[in-house]
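For the record, the sequence lines run as chains V and H. Using the numbering used here, read the first sequence as starting at 8 and increasing by one per residue. Using the numbering used here, read the second sequence as starting at 2 and increasing by one per residue.
Be careful, since some hints might not be right.
[What the hints assert, rightly or not] Heads up, simulated BS3-like pairs for lysine-lysine below, C-alpha to C-alpha not over 25 Å straight-line:
(1) Lys75/V <-> Lys624/H
(2) Lys43/H <-> Lys54/H
(3) Lys583/H <-> Lys546/H
(4) Lys191/H <-> Lys512/H
(5) Lys156/H <-> Lys75/V
(6) Lys410/H <-> Lys170/V
(7) Lys583/H <-> Lys75/V
(8) Lys85/V <-> Lys624/H
(9) Lys216/V <-> Lys304/V
(10) Lys143/H <-> Lys565/H
(11) Lys12/V <-> Lys114/V
(12) Lys585/H <-> Lys348/H
(13) Lys487/H <-> Lys156/H
(14) Lys156/H <-> Lys583/H
(15) Lys583/H <-> Lys68/H
(16) Lys565/H <-> Lys551/H
(17) Lys514/H <-> Lys43/H
(18) Lys585/H <-> Lys75/V
(19) Lys140/H <-> Lys456/H
(20) Lys585/H <-> Lys85/V
(21) Lys75/V <-> Lys140/H
(22) Lys241/H <-> Lys562/H
(23) Lys624/H <-> Lys462/H
(24) Lys85/V <-> Lys586/H
(25) Lys241/H <-> Lys54/H
(26) Lys260/H <-> Lys410/H
(27) Lys43/H <-> Lys512/H
(28) Lys170/V <-> Lys487/H
(29) Lys565/H <-> Lys512/H
(30) Lys140/H <-> Lys43/H
(31) Lys170/V <-> Lys617/H
(32) Lys260/H <-> Lys462/H
(33) Lys143/H <-> Lys85/V
(34) Lys624/H <-> Lys348/H
To be clear, the hints were calculated from the coordinates, so they are not data collected in a lab.
One letter stands for each residue in the lines below.
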Amino acid sequence: MYLDKVQAKKKKHADREGLTGFCLAFIPVLGFCLFGLIPMILAIGMAFMNIRGYSFEGATFVGFGNFKDVLNDSLFWKSIGNTLYMSVSAFINIVLALIVAFLLTKKIKGKKIFRTIYFIPYVCSVVAVTLMWMWIFNNRYGAVNMLIRHFGGEPVNWLNDSKWFIPILILMGVWSGTGYGIILYGAALTNVNSSLYEAAKVDGANSFKSFMHITVPAISPTTFYLLITGIIGALQEFARPQIISATGGPDNTGVTVVFYLYRRAFEYFEMGPASATAWLLAIFILILTVINFAVSKLWVNYD
Amino acid sequence: MNKKLKAIISCLACVCIAPMSLIACGPDNSGGGTIDEEGNYKPRPGASEADVKFWISGDDTEIAVFKTLVDDFNALPENKGVIKISMIQRPSDSYDTVLGQSLASGTAPDIFYVGDSGYKDYAELGYLYDITDYVARSKIYKVEDMWDNVVTRYKYDVNTYLSGTDSGRYYGVPKDIGPTVVYYNETYFKGAGIEIISVAADQLDEFNAGTLKDDRGKTKSEYGISGNVKEKGYFEIGGKWYFNNQVPMSWDETVACAKKVQSYMRTDSSVNKSSGYGYFTEWWFNYGWSVGGNCIQQIPSDQYDCGYYYDFTLMDGTPNYIVADDVQEPVTVNKVKYNAGEIIEYKDKLDMSIYNGKKAADGAAMYKNSANYRITDEVKTLAAEGKLNQLPSQRDAFTEFVRLGSKQKDEVDNGLYGHEVTPLPTDIDGDAGKVNEFQYGNLGMLVDGRWNVTKFREITKFEWDVAPLPMYKTYYTAADTLPDGKEVGDIKVHGVEAGHSGSVALCIGSKTKYAPEAWKFIEYCAGERGQSLQAEAGFAIPLQKDLANKDVFLQPDKSPKNSKVFIRATEYEQAGDWWMLKDKKWIDEWANLLNGSVRNGDLTLSEFFNSDEYSKTFGLLDKYTANR
């Protein structure tokens with residue numbers, strides 16, 4: 008009798024907990040369905056349709072026509088090239104973050120202040136940061152060209168020269184993104200077993216060898232995480248080139264894949280090719296991530 | 002966290018979300034009015050007040066003007082309790098994007114602005130309400146009293162993608178008109194030693210005879226001019242330089258004037274604008290159109306269901322022809338009659354029969370090279386007889402435009418180098434940038450629209466005024482054999498005055514339930530009260546021609562003194578290239594290459610002509626005539 012009561016109470020309690028859990032989970036699930044799942048499903052449909060504007064009214068099935076259209080468009084391939092070029096910033100970020108984080112493990116004064124300073128660009132609004140860099144590299148009034156002029160050099164039209172447009176974007180990406188890596192590497196470096204260093208020292212390893220053979224493998228999961236998220240983020244680059252040049256930059260060097268997608272969807276109202284582009288990008292990212300995971304078995308050490 | 006608290010938070014969240022699904026379920030008895038055959042609004046009996054949402058964006062002056070208009074409209078006795086306009090200000094920079102998405106999702110307001118680059122697309126997508134019947138019935142919005150070239154650009158046929166044709170329908174009315182002119186810094190001109198006079202071309206004889214004062218109230222002798230003033234915008238007489246702000250400068254005069262002002266800005270210690278420029282324009286239109294060129298041309302062809310295709314002619318190298326001024330009878334070219342001063346159209350000057358109205362099998366490659374076309378013998382004969390004067394090609398005109406901004410050390414094309422008198426458009430940072438540059442005294446001249454007048458009236462550091470856009474002109478020199486009645490310095494060959502005017506439409510959303518109510522407000526804005534208020538504020542020219550010639554617009558007590566330039570420009574200026582087809586997809590890629598490597602001096606125009614971006618445009622243009 009008593010046991011029954013206890014079990015009933017437990018069941019009631021569990022039911023109530025389940026309801027609470029469901030209610031709490033419902034909101035983000037609803038959000039995902041409305042703003043993630045449904046658009047994804049619609050995008051699949053639209054990718055195979057000739058659709059003007061955002062209404063399915065009058066839409067016709069065109070098979071792989073939209074994919075063919077996108078793949079035959081030289082600007083799409085140019086946008087892939089631009090995006091891959093810009094994604095160099097993800098690799099530079101990792102190297103630079105590791106170096107700075109490693110230096111911050113040393114006994115220096117104001118370590119926390121430095122960490123904070125390095126992290127500030129990461130939390131700054133991308134719009135504000137981009138505008139700041141635009142001013143710095145402004146052809147006529149920018150600080151960089153003023154310095155060049157001061158030393159008697161010929162000013163460079165940084166943001167309107169296709170040779171410089173992407174390198175400037177990479178620079179912006181590195182400046183903004185390194186802080187995040189520094190924080191993650193900072194945590195990872197403090198977790199490396201110090202006895203390994205002592206053992207290596209006893210075996211006669213110098214600092215560089217210790218770094219390469221102990222530190223780097225020990226923090227490889229963090230490196231892997233930064234690499235995956237960095238590459239995915241870089242392949243979705245859109246805001247910065249769009250802010251600098253809403254038309255696509257000099258010689259279309261600012262047209263990234265997402266920029267290309269945006270232009271077709273919201274400037275030309277071509278949702279079919281835009282959806283096809285979105286899926287091509289998603290497939291590309293998926294393949295790259297799968298390859299990354301496969302290759303990671305060779306160099307990522309979870310021990 | 003306490004479990005009860007969790008449950009409460011969860012329930013609260015659900016309670017917050019649930020009512021959202023019930024929004025818009027309440028009864029609504031508003032709207033349902035009609036516009037009768039006489040153009041009068043008849044509210045539906047028993048209907049409650051229609052709350053009509055109106056999106057607006059713009060600067061403070063424009064917002065203030067429209068707030069007054071909305072308040073006035075809402076306060077009219079016939080509107081009280083019947084129609085209420087609710088004005089909602091939207092940020093300018095994201096306006097087009099947000100509007101496009103709202104229209105697509107069916108959540109657009111009842112009335113909104115549509116820029117001229119989005120109008121055709123929205124009309125074709127069915128987002129805009131067809132107001133043709135309202136326009137036809139209106140006693141206030143009278144098309145015949147307005148600027149034809151502005152009003153008819155909104156008469157659009159969604160099937161043919163053509164404006165101004167009989168089959169077109171109205172989906173919007175112009176909120177205003179913004180013709181482009183040259184704004185010039187008069188203080189700099191004076192500082193550079195350039196005297197400004199203000200005489201219309203048709204009054205030069207009287208001015209030269211000393212019987213007429215110019216619009217600045219001075220006679221020729223009072224200016225100390227010793228010789229005859231010719232129909233030139235910028236000229237030298239007796240070692241002194243003059244600028245006539247009522248006569249268009251030639252291309253050469255524009256460069257010479259800009260250089261003189263630029264030199265003064267950069268070298269005079271009182272100005273000290275080391276990175277200042279004498280001139281700024283970002284539009285090639287008035288160069289190309291002045292000689293009859295264009296970036297696309299419609300070519301008749303029986304290969305297309307619609308009867309034509311588009312050729313990309315931005316770099317068309319064939320010369321243009323204009324009927325000489327002294328030709329009395331119309332000249333017939335390709336069975337089309339042309340009067341004196343009219344430029345022969347592309348399809349008439351060239352022998353299209355080479356291709357028998359059909360595209361070659363290799364498509365774009367066939368018509369890419371304009372050299373494949375030939376000037377017809379008919380045109381050549383008329384030119385030899387002196388009935389037609391030869392003008393530069395579109396390519397020549399475009400080259401001259403590009404030279405304005407290119408560096409003197411950079412070859413623009415075929416041995417022609419830059420003038421370096423204007424900054425690159427990308428250095429200017431958009432519309433706000435160029436306005437600021439002029440306001441801060443970093444530009445001697447600026448080509449821009451009427452909408453800047455409000456801002457420029459705030460300038461206190463220097464005087465400014467306006468002048469017509471440059472046009473193609475050559476003059477007789479001492480080396481020429483002078484015809485009877487002509488002197489050295491008289492015009493030998495000229496193109497036409499040309500340029501583009503901006504305009505924004507007031508449109509009604511196709512999903513509105515308040516179309517008649519919305520129309521009444523639009524009609525009010527387009528009427529005398531609405532147009533007068535906008536004109537008084539300075540940023541627009543009234544739609545009604547007679548109103549534009551009154552003091553409400555001319556405002557002789559305010560800058561610019563030479564306001565009549567705007568009126569003349571409104572007569573002949575047309576919409577920009579972004580208006581030519583239903584969207585600007587065919588423009589973006591080559592424009593980016595042009596504004597990038599070409600303007601930077603890394604690519605000559607010949608290389609641009611052979612680029613993938615240029616070639617691709619032919620294929621893109623084909624899509625505008627396919628599937629009709």
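### Message
Check the hint pairing Lys565/H with Lys551/H against an upper bound of 25 Å on the C-alpha distance.
### Response
Holds: Lys565/H and Lys551/H sit about 11 Å apart, inside 25 Å.
- Message: Check whether the Cα positions of Lys85/V and Lys624/H lie no farther apart than 25 Å.
- Response: Measuring from Cα to Cα gives roughly 21 Å; hence the hint holds.
| said: Please verify whether Lys624/H and Lys462/H have alpha carbons no more than 25 Å apart. | reply: Judged against 25 Å, a Cα distance of about 51 Å means the pair is violated.
Self-check item: Straight-line alpha-carbon gap Lys583/H to Lys546/H, limit 25 Å
Solution: violated, 28 Å
Given pair status - Lys562/H, Lys241/H, alpha carbons within 25 Å: Judged against 25 Å, a Cα distance of about 24 Å means the pair holds.
Checklist entry - Can the restraint linking Lys585/H and Lys75/V be considered satisfied, given a maximum Cα separation of 25 Å? => result Roughly 22 Å separates the two Cα atoms, so the pair holds.
With the threshold set at 25 Å, check whether the alpha-carbon distance from Lys624/H to Lys348/H stays at or below it.
Cα-Cα ~21 Å, so holds.
Please verify whether Lys260/H and Lys410/H have alpha carbons no more than 25 Å apart. OK: Lys260/H and Lys410/H at ~16 Å, within 25 Å.
Given the hinted pair Lys191/H and Lys512/H, is their alpha-carbon gap at most 25 Å? violated, 56 Å
Next on the checklist: Between the alpha carbons of Lys85/V and Lys586/H, is the straight-line distance 25 Å or under?
Outcome noted: holds, 16 Å
query: Under the criterion that the straight-line Cα-Cα distance not exceed 25 Å, is the pair Lys514/H, Lys43/H satisfied?
result: holds, 15 Å
Are Lys585/H and Lys348/H close enough, with their CA atoms no more than 25 Å apart?
holds, 23 Å
This entry does not satisfy hints 3, 4, 5, 11, 13, 15, 19, 21, 23, 25, 28, 29 and 33, going by the numbered hints stated previously.
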